[in-house]
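Novice: Single-letter residue listing:
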Amino acid sequence: MPLPGAPVSGPIVAEGHVIVNAPSLGTFYRSPKPGAAAFTQIGEAVDADTELCLIEVMKLFTTLRAGVKGKVVKILVEDGVMVEYDQPLFVIDPNG
Amino acid sequence: MADLSPNQPRLFVANRGEIALRVIRAAHALGIETVLGVSAADRDSPAAREAGRAVVLGPAPSRDSYLNMDLVVHAAVATGCTLLHPGYGFLSERPDFAELCAAEGLTFIGPRAETVRAVGDKISAKAVADAAKVPLTPGSGKLLSVEHALEVAQGIGYPVITKASAGGGGRGMIVARDADELRRAFDQASTTAREAFGDDTLYLEAYVERARHLEVQLFGDGEGRVSHFGERDCSIQRRYQKMIEEAPASILTDDLRAGLRAAAVDLLASINYRNAGTVEFLYDEVRQKFYFMEVNARIQVEHPVSEQISSHDLIKLQLGLALGTATLPRQDDIALAGHAIEARILAEDPDRNFMPCPGRITRWVPATGPGVRVDSAVQEGSVVPPFYDSMVAKLIVTGADRAQAVARLSDALRRFKVEGIATNIPLLQAIVDHPDYRANAVSTKWLEDTLLPAFQTERSE
Chain A
1 MPLPGAPVSG PIVAEGHVIV NAPSLGTFYR SPKPGAAAFT QIGEAVDADT
51 ELCLIEVMKL FTTLRAGVKG KVVKILVEDG VMVEYDQPLF VIDPNG
Chain B
1 MADLSPNQPR LFVANRGEIA LRVIRAAHAL GIETVLGVSA ADRDSPAARE
51 AGRAVVLGPA PSRDSYLNMD LVVHAAVATG CTLLHPGYGF LSERPDFAEL
101 CAAEGLTFIG PRAETVRAVG DKISAKAVAD AAKVPLTPGS GKLLSVEHAL
151 EVAQGIGYPV ITKASAGGGG RGMIVARDAD ELRRAFDQAS TTAREAFGDD
201 TLYLEAYVER ARHLEVQLFG DGEGRVSHFG ERDCSIQRRY QKMIEEAPAS
251 ILTDDLRAGL RAAAVDLLAS INYRNAGTVE FLYDEVRQKF YFMEVNARIQ
301 VEHPVSEQIS SHDLIKLQLG LALGTATLPR QDDIALAGHA IEARILAEDP
351 DRNFMPCPGR ITRWVPATGP GVRVDSAVQE GSVVPPFYDS MVAKLIVTGA
401 DRAQAVARLS DALRRFKVEG IATNIPLLQA IVDHPDYRAN AVSTKWLEDT
451 LLPAFQTERS E
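For the record, the sequence lines run as chains A and B.
Here the first sequence is numbered in my numbering, starting from 1 and rising by one per residue.
Here the second sequence is numbered in my numbering, starting from 1 and rising by one per residue.
I should point out that these hints are in silico values taken from the structure, not numbers from a laboratory.
Be a bit skeptical, because a hint or two may be false.
[Said to hold, decoys possible] Example chain B residues on the side facing chain A (calculated, C-beta under 10 Å, incomplete): (1) VAL56; (2) VAL77; (3) GLU104; (4) ALA326.
[As the list claims (entries may be wrong)] Calculated pairs, SDA-like style, for lysine to any residue (alpha carbon to alpha carbon, straight line, at most 25 Å): (5) A:LYS59 with B:LYS142; (6) A:LYS59 with B:THR82; (7) B:LYS142 with B:LEU100; (8) A:LYS59 with B:ALA40; (9) A:LYS59 with B:LEU100.
Each residue gets a CB set at the ideal place from its N, CA and C atoms; glycine is no exception.
Could you put together the complete structure from these sequences and hints?
Specialist: Listed below in structure tokens is the structure:
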């Protein structure tokens with residue numbers, strides 16, 4: 001009885017690109033509060049300490065930072081969905 | 001989640017290993033969808049493959065995955081689950097977890113949180129038992145000091161045993177045969193209890209020299225009606241961990257058996273117990289008296305032996321009662337027949353002081369045959385991770401009587417082949433083939449005091 005919603009097979013990543021994974025299971029939020037602008041968009045430049053998203057577990061929000069300097073090339077998850085521990089969320093091109 | 005079917009009951013399984021697989025299969029047989037929360041170490045486990053969906057809660061260590069209440073409840077709610085089965089161990093007996101589930105709209109499959117709390121603390125559980133007129137081991141309330149302990153012991157008579165109020169698993173339990181021993185035991189047990197449970201409260205009980213561990217399997221409807229599914233004898237233990245369990249308890253006379261079952265039913269009925277539970281007793285074979293030990297407010301590892309003699313699927317009953325699709329069977333509708341024995345197959349090496357032996361299973365040939373059942377969640381190629389309990393399978397045999405069940409267990413153990421990891425199968429074989437076990441002349445200390453020394457001597461020669 002397979003249920004929908006499970007993450008499909010891992011993303012195909014170009015050589016040299018860096019994947020940012022979920023540090024925890026939780027709900028994935030692309031903006032600091034409902035209606036606010038997203039932390040980041042595809043094509044934007046990021047630094048290691050740029051905030052990418054929030055992960056919420058039972059009302060407790062954790063900020064996820066890029067951890068690397070580069071350009072966001074892919075966002076793999078829709079805003080507001082549950083992500084699993086270690087699930088790929090963003091792809092960053094360090095040479096972008 | 002929008003893409004999930006509405007009004008379809010969906011169950012979150014908050015456990016791992018054989019019990020997770022057992023719950024998943026029972027749920028699917030009842031048309032209930034399942035989501036399993038796993039650690040990163042279990043993402044490719046058989047239970048994860050059979051679940052409707054498996055979600056990775058966190059990294060391998062239990063505290064970051066299976067024991068993290070917030071992660072578990074968040075995952076259950078976010079995947080659209082309406083029910084949660086906690087299995088045994090992990091979060092199954094945490095009243096705050098049951099409360100959190102209720103607060104988030106999840107039906108916790110088990111007793112009410114207040115029940116879990118009332119019977120979870122041993123001193124409060126004894127008060128509940130006492131109020132229901134269930135016999136208690138002569139003992140004390142909370143000990144205030146060494147002097148208090150000495151005074152209480154004088155009244156009970158030696159030997160006595162210290163126990164931790166918040167405890168379990170044998171920690172904080174020390175036997176003292178005189179006042180000097182009790183002074184030492186008190187200090188040592190307080191320290192152990194403080195380190196293990198963050199609470200050094202102790203109490204004292206009379207120590208029974210020849211004890212059997214007996215327990216009654218029960219279910220309650222939550223409104224005061226309780227039915228039992230017979231009793232089990234779980235006296236084959238090492239360090240208070242059960243290794244072989246059987247049903248029924250053949251040593252009991254009909255009168256004692258009826259008394260034991262009635263005491264257990266009365267206890268749970270007095271607290272309007274809901275769903276599956278077990279009342280554990282210490283049976284003093286010399287005095288032919290049983291004393292209340294504790295209530296386990298969950299399904300237990302050894303529930304299959306009760307299923308085998310009652311022909312009821314207890315996991316399906318748990319699910320059906322929680323969903324309201326089943327009613328609690330009346331006592332008259334629970335016919336008990338035959339004899340069943342469960343042996344726990346552990347990834348532990350009895351030749352190396354029971355060292356856990358995680359690793360890859362290169363050969364896995366579980367026993368089959370008439371009256372043989374194996375509950376496990378491993379197969380050839382499975383990796384037994386080093387992070388969790390060492391149990392890899394439960395071998396359950398059923399016969400018309402104890403002698404037939406014992407013979408089948410011995411045969412089944414001989415045919416059970418496991419390679420790649422060491423297991424306790426050779427020890428189980430030695431137990432089952434021993435004249436004392438065949439004659440049912442064992443106690444809770446028999447394995448450690450009689451069998452193991454002989455087994456170890458023989459194996460080292």
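Novice: Determine for every hint whether it applies to the structure shown.
Specialist: For each hint, the structure was consulted:
{"no.": "1", "hint": "VAL56", "result": "4 Å, holds"}
{"no.": "2", "hint": "VAL77", "result": "9 Å, holds"}
{"no.": "3", "hint": "GLU104", "result": "8 Å, holds"}
{"no.": "4", "hint": "ALA326", "result": "20 Å, violated"}
{"no.": "5", "hint": "A:LYS59 with B:LYS142", "result": "39 Å, violated"}
{"no.": "6", "hint": "A:LYS59 with B:THR82", "result": "19 Å, holds"}
{"no.": "7", "hint": "B:LYS142 with B:LEU100", "result": "30 Å, violated"}
{"no.": "8", "hint": "A:LYS59 with B:ALA40", "result": "23 Å, holds"}
{"no.": "9", "hint": "A:LYS59 with B:LEU100", "result": "13 Å, holds"}
Checked against the numbered hints given earlier, the structure breaks hints 4, 5 and 7 and satisfies all the rest.
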